[in-house]
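Trainee: Below, each chain spelled out in residue letters.
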Amino acid sequence: MERSHGFWAEAWRRYRCRPLAVGGLAFVGFLVVVAAFAPAIAGTKPVLCRYKGRLYAPCLGYFDRRLEPAIFTKDKFRGTYPRNLAAKDPESWALWPLFFQDPYRSVRNDEWPGRPENPAMDQGRPSWNNLFGTDQAGVDVLAKMVHGTTVALLVGFVSMGIAGTIGIVVGAVGGYFGGWIDTLTSRVTEIVMCVPTLVLILSIVAIIEKPTIWHTMAIIGFTGWTGIARLTRGEFLRLKSSEYVTAARAAGAGPLRIMLRHVLPNALAPILVPITFGIASAILTESGLSFLGFGPPPPSASWGSVLNGARSNLGMWWLVVFPGAAIFLTVLAYNLIGEGLQESTDPRLREARK
Amino acid sequence: MPIFFRPTNPGDIVGRICLTVSMAAALALPGCGRPASEPPLVAERESPSGQAATSPPPPVAERPAFAPPPLADLDRDAKWIDRPVKDALALLREQQAKETVACSVAEALALTNDSAAANAKILSALGRLPDDGQADLEARIDRHVAGDLGSTNPILISSAAEFDILGLTGFGLFSYDRLLEPFANAETVISWQTSADGLYDKVVLRDDLVWNDGEPITAHDIAFTYQVIMDPRVPVPAVRSGTDQMQSVHAYDTRTVVFFHKEPLATNVWNINFPVLPKHVYEKTWEEDPTLKDSPEHVKLEEKPVSGGPYEILSRKRGQEIVLRRRANWSTVKGRVVREEPYFKDIRFRIIEDPNTALLALKSGEIDEMILQPEQWTTQTVDDAFHRLNTKATAPEWVSFHFAWNIGSPFFADRRVRRAMSYAFDHDRMLEKICLGMYEPCAGNYPPDSWMASPKKLVPYKQDLDTAEALLDEAGWTDHDNDGIRDKEIDGRLVPFEFTVLVNQQPFRIAVCTLLKENLEQIGVIANVRPVEVTTLQEMMQKKSFQACFSGWGSGTDPDSSENIWKTGEMRNYCGYSNPEVDRLFTEGRRELDRGRRAEKYARIQEMLYEDQPYTWLFWRNSFYGFSKQLRGYVFSPRGPYHYSPGAGSLWKPRAE
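Chains D and Z are the protein sequences, given in the same order. With the numbering used here applied, the first sequence corresponds to residues 1 to 354, in that order. With the numbering used here applied, the second sequence corresponds to residues 355 to 1011, in that order.
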């Protein structure tokens, strides 16, 4: 007899049959790759270089300024590598990013030998030097978007990570124990539901000294868990009276073990669906905030902030089309993943589609 | 028309004194938000300090009862010196008669303003006053204001919109011309004299002046208004500073009023210039309700104030529009024509906060004029859609912008560090790439072409990263821990050179700060740009809880108006600058009555500030205006085309052919 695949393997087998859902997953995978290798795709700092006999990776400076080797500051490189490397050490060599463009500033005239300065104001139409055009300040849109991918992904994962954790814990406790605990957690959930996320974010941004993207993520996370909590509670209510839970209890398992080991794995599938949708909406919220100017501090590389640049001049269509398409596709991809998950894990839907 | 002026006041009488912060509004949600680009009036034109503009009322105990000497005694001892009494419009007409017109009106209207030459032609041909019978006296002008009025009461004014309206509806004795020279207004005054010792000013009013309710305007109204302004119970936001320099104002009869000064100051000519309330209206009500706003009578007056100027308020829709109507009994009193009739029958102020919406309204002909943002000037007013109905003009304005360094913070206490910041900043690139060559470089607190500016022709610090690095090294900011960022040991702790630059949420201003960040990063200093909302920025500056910030000031007409920015411990001295020599020079400058010797003192102040760099001065902002092709008569002063005399009064529309 063939061995049973188990729930997740079975779900994956069904998921694979849905080309749209797989496409969504592939797109998110692509974004992860872009985010991880952003400094190697677009930047003005060498990915790898040999300078005065040692190997350095100045491109790490894009992740954190302190990771950029101090020797280049000491030797007065002042942020421009191509000519300085050759001038200060003729023996040096460097491996450059795919596109020599900086997400935070305009590339100067002849900074890369023979290339003119980026066009600024409304002159930055897409060209061979700037595939997606440049914004008013002359910053390359492609570079901004490549580096902005990190933000878009992080916002989704971190905020929904927080929301998922809180939502599952609150929902599980309430649903499993019932009684006054359930009343308490349900009321707390309802109260949090009343808090308008956007207003909260705006006021927090006004209060804190140095608002970063992490604050935004935290707030989206801390306010966005209610739907998940309700769903978890429902699942726990349903499952806690099932036979195998009773059996586990009879065998002497404690509530924590029952909740984590027996109930949660079976309740997880329907909970994952709102989490994926939540990721999509978190990305939208973040873009909306950046669009309004409440995003990460300038000069920031985020999709929403590119869109914001188009607000004063709608004639610069490339500031609308490219980041708009990126946001749209990412949100679509997450929604497709969510739908795929839903349909491949819910047996009722599965039957209905046959 | 009267133009009121408070030089010592940060309020926007001094023009667009701006903590150039735009109000991107804390709640800029789609649909209900304010745009980030056009600052509404608080930001653009009002004082950075808002409420702080309310000068503290003098304690009652300090004001002993003042007994005015009899007029005969005064006349005997004062040795009166005559001061100028002018009709601003007639003066402008005289001036223009001598000018040669650069081109015909039709030619000017066909021009696109894309060069200095075109701009000069447009101003020359379209900025002229009408010949006899040329103006359409039944015309209406639709003007643009970026925010509604807080109050229509003359003495409660503080925002630019309120000054715009008050300039047309208010009664005043004094004004100043295009070159910002003060004079008494011939429309209201017969003579103005100052005593030889500078302690008294005597003004004789005309006898053909009436309020729009028909009551005569007398010297008693002026003395009464002074009394109300100085009463600590009345919440006067802006006009008290200045009047508080006086000892008293006394009306000897219905036409003669004398201003008594505490000291013979060069700034006294500004102190006597304040708006006037109708005594017969407020006499009974103000004691009961010193707020001048709350009682039923005052609420009614707020809607329809009694007006003493050429216009009266016809109707008002809050947040939408204010319509002014020309007063019949301004130019014609008791059947006699006593004054020239203003050029417009109606003046409608449209309130539109969003500059993009306002531009659409201008393009479609709904409004006749507006202030343009630099970006609108360069990219959105160059096409036929704009030129179909409109033209535009620009001129230098006395509004400057700077980075302010908080001397109280551990980073900027050392002068070498502040100079290093100035040397690090790529000033040329800012002028060329961000200001698009449209603004003049600024190197100090006084406009280079003004009489008080230093003759040394100061120029902005030119970017020189080697000097900047050397200065920082000298000041002890080197990279001790080898992480590429400069640091210094302060109180046993290694502090990295990482600070925050506050800026208001306007793309243009953020771009300037971003350039600073980029430049500083090249020499191992981290500047975090933090855009904040206008009120937050004001508050943080007042509390001095900032490290650096991007802001701006409108220069007053008198150099003394910047005293409270630079003197130790003064209200607007946000960066905590203190230099005993500067303090002394400001005090002396105010007492010095000879202009040449005064100029030397202010030039010295400017030179010292230049050396100390408490600010890194950036640029002088020009004024950019879009005008309907129907409009004529705009003449620019260093305070824009409206805020002087005749200013807004010189606009007109030609009669239809």
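These aren't lab readings, by the way, just hints derived from the structure by calculation. Don't take every hint at face value.
As the list claims (entries may be wrong) - List time: in silico DSSO-like cross-link candidates among lysine-lysine, alpha-carbon distance up to 27 Å:
| hint | chain 1 | residue 1 | chain 2 | residue 2 |
| --- | --- | --- | --- | --- |
| 1 | Z | K842 | D | K210 |
| 2 | D | K76 | Z | K638 |
| 3 | Z | K616 | Z | K647 |
| 4 | Z | K811 | D | K74 |
| 5 | D | K76 | Z | K787 |
| 6 | D | K76 | Z | K871 |
| 7 | D | K210 | Z | K816 |
| 8 | D | K210 | Z | K871 |
Stated by the list, open to error - Derived list of chain D stretches under chain Z, where covered just means 3 residues or more per stretch with a C-beta under 8 Å from a C-beta of chain Z:
| hint | stretch |
| --- | --- |
| 9 | 65-79 |
| 10 | 222-230 |
Don't be surprised by glycine CBs; every beta carbon is placed ideally from N, CA and C.
Trainee: Compare the structure with each hint and give your call.
Mentor: Hint check:
no.: 1; hint: K842/Z x K210/D; verdict: holds, 22 Å
no.: 2; hint: K76/D x K638/Z; verdict: violated, 74 Å
no.: 3; hint: K616/Z x K647/Z; verdict: violated, 31 Å
no.: 4; hint: K811/Z x K74/D; verdict: violated, 36 Å
no.: 5; hint: K76/D x K787/Z; verdict: holds, 25 Å
no.: 6; hint: K76/D x K871/Z; verdict: holds, 17 Å
no.: 7; hint: K210/D x K816/Z; verdict: violated, 30 Å
no.: 8; hint: K210/D x K871/Z; verdict: holds, 15 Å
no.: 9; hint: 65-79; verdict: holds (count 11)
no.: 10; hint: 222-230; verdict: violated (count 0)
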